[in-house]
Every structure is written in structure tokens, then in C-alpha cells.
Amino acid sequence: MSTIREKQIRAIKQMLNLNQPLTKFSNSEPVWKILVYDRVGQDIISPLISIKELREQGVTLFVQLHSDRYPIPEVPAVYFCAPTEENLGRISQDFQRGIYDIYHLNFISPISRQKLEDLASSAIAANCVANIHKVFDQYINFISLEDDLFVLKQQNSDEISYYSE
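In full-length UniProt numbering, the protein residues as written are 1 to 165.
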């Protein structure tokens, strides 16, 4: 039986594999990509995957969503963030600027229908609908610290909940 931590690592690695199934016998080189995450995404990934493992998954650059970024053509971007108004606004700005050629959007928790429609409208306005290859709700809004220990940190809250078996 898999642990919570193993399942979360598998979900993140599949996300980094552009949401394609992971295979044990893959001889091909990974697709090189950029990982764009918010603070919540960073908190989730950091205890699970090392920089070396990110490189093995084809991540050549990892950057904060709200940092100053320059356009990098011909490289897909994997976004991993919470579906907040602030984050969606920044993603819409990226669409307008045409900062990446291909967008793979992965939301840590489910995005509401209204927010998804607003994001789609901004993609239409930026004329980049064809550049958005995937939109996923990942359902991994927790931080795995050990095999059977995880932390729930609610956004905009100083409260932290722990669970362990």
C-alpha cells in the first residue's frame, strides 16, 4: 500500500511529466520545461522533490509566479499554484505578454467555474487559447512531511493542522 507522501510525490511527478502517465521503462529524454509556482506550491514541493529530481523530470528553471520574469520562447511552462484571484490575475498577465509558448495549468485545489471562465476570457482576449494545453485540479493542498504525517495550512490563516497515524 502506498503512503500519502508516495501518492503526493507520484502526483507531482506526473504533473511535471505534463500530466502524462509515468512509466518505469521510459528511455526517452524528458521534455524540458519551466516550473512556475506560488508560495503554496513551493511549500508543497520543497519537502518532497529535490532540485536534482526536478532536473531529472526536465525542469530547467523554477520561478515564483509573482517574480519578474522574461519571455522564454519554445519552452512549455508548468504552473503549480492555488486558484486565487491574485494568481489568476498574474497568469492572465502572462497570457497577455506571451511569456511562454505552451501553458500547462495545475491548480493545487479546485478552481471554481466562474474563475475558470474568467481565465478562459483572458486567454481569448490575449489570443493564446491554442497555447493552453492542459488545465488540471490536482487536489494536493497539503504538505507531506513524512510517510504518514501531513500538514494542512489554510490560506490566509496562521492556523496549522497536523495529522499523523
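No wet-lab data here; the hints were simulated from the structure.
A portion of the hints provided could be inaccurate.
What the hints assert, rightly or not - The calculated BS3-like cross-link candidates involving lysine-lysine, where the alpha carbons are at most 27 Å apart (straight line), are:
no., residue 1, residue 2
1, LYS134, LYS7
2, LYS115, LYS52
3, LYS134, LYS13
4, LYS115, LYS134
5, LYS13, LYS115
6, LYS134, LYS52
7, LYS52, LYS7
Stated by the list, open to error - Cβ pair distances, simulated, as ranges:
no., residue 1, residue 2, range
8, ASN19, ARG55, 15 to 23 Å
9, SER28, LEU61, 17 to 25 Å
10, PRO71, ASP147, 37 to 45 Å
11, LYS52, ASN19, 16 to 24 Å
For glycine and all other residues, C-beta sits at the position ideal for the given N, C-alpha and C.
Here is what the structure says about each hint:
1. LYS134 <-> LYS7: holds (21 Å)
2. LYS115 <-> LYS52: violated (34 Å)
3. LYS134 <-> LYS13: holds (16 Å)
4. LYS115 <-> LYS134: Holds, because 16 Å separates the two Cα atoms, which is no more than 27 Å.
5. LYS13 <-> LYS115: Holds, because 26 Å separates the two Cα atoms, which is no more than 27 Å.
6. LYS134 <-> LYS52: This hinted pair holds, its Cα atoms lying about 25 Å apart.
7. LYS52 <-> LYS7: Holds, because 20 Å separates the two Cα atoms, which is no more than 27 Å.
8. ASN19 <-> ARG55: 15 to 23 Å: The hint (15 to 23 Å, Cβ to Cβ) holds, given that ASN19 and ARG55 are roughly 19 Å apart.
9. SER28 <-> LEU61: 17 to 25 Å: holds (21 Å)
10. PRO71 <-> ASP147: 37 to 45 Å: holds (41 Å)
11. LYS52 <-> ASN19: 16 to 24 Å: The hint (16 to 24 Å, Cβ to Cβ) holds, given that LYS52 and ASN19 are roughly 22 Å apart.
Violated hint for the displayed structure: number 2, the only one.
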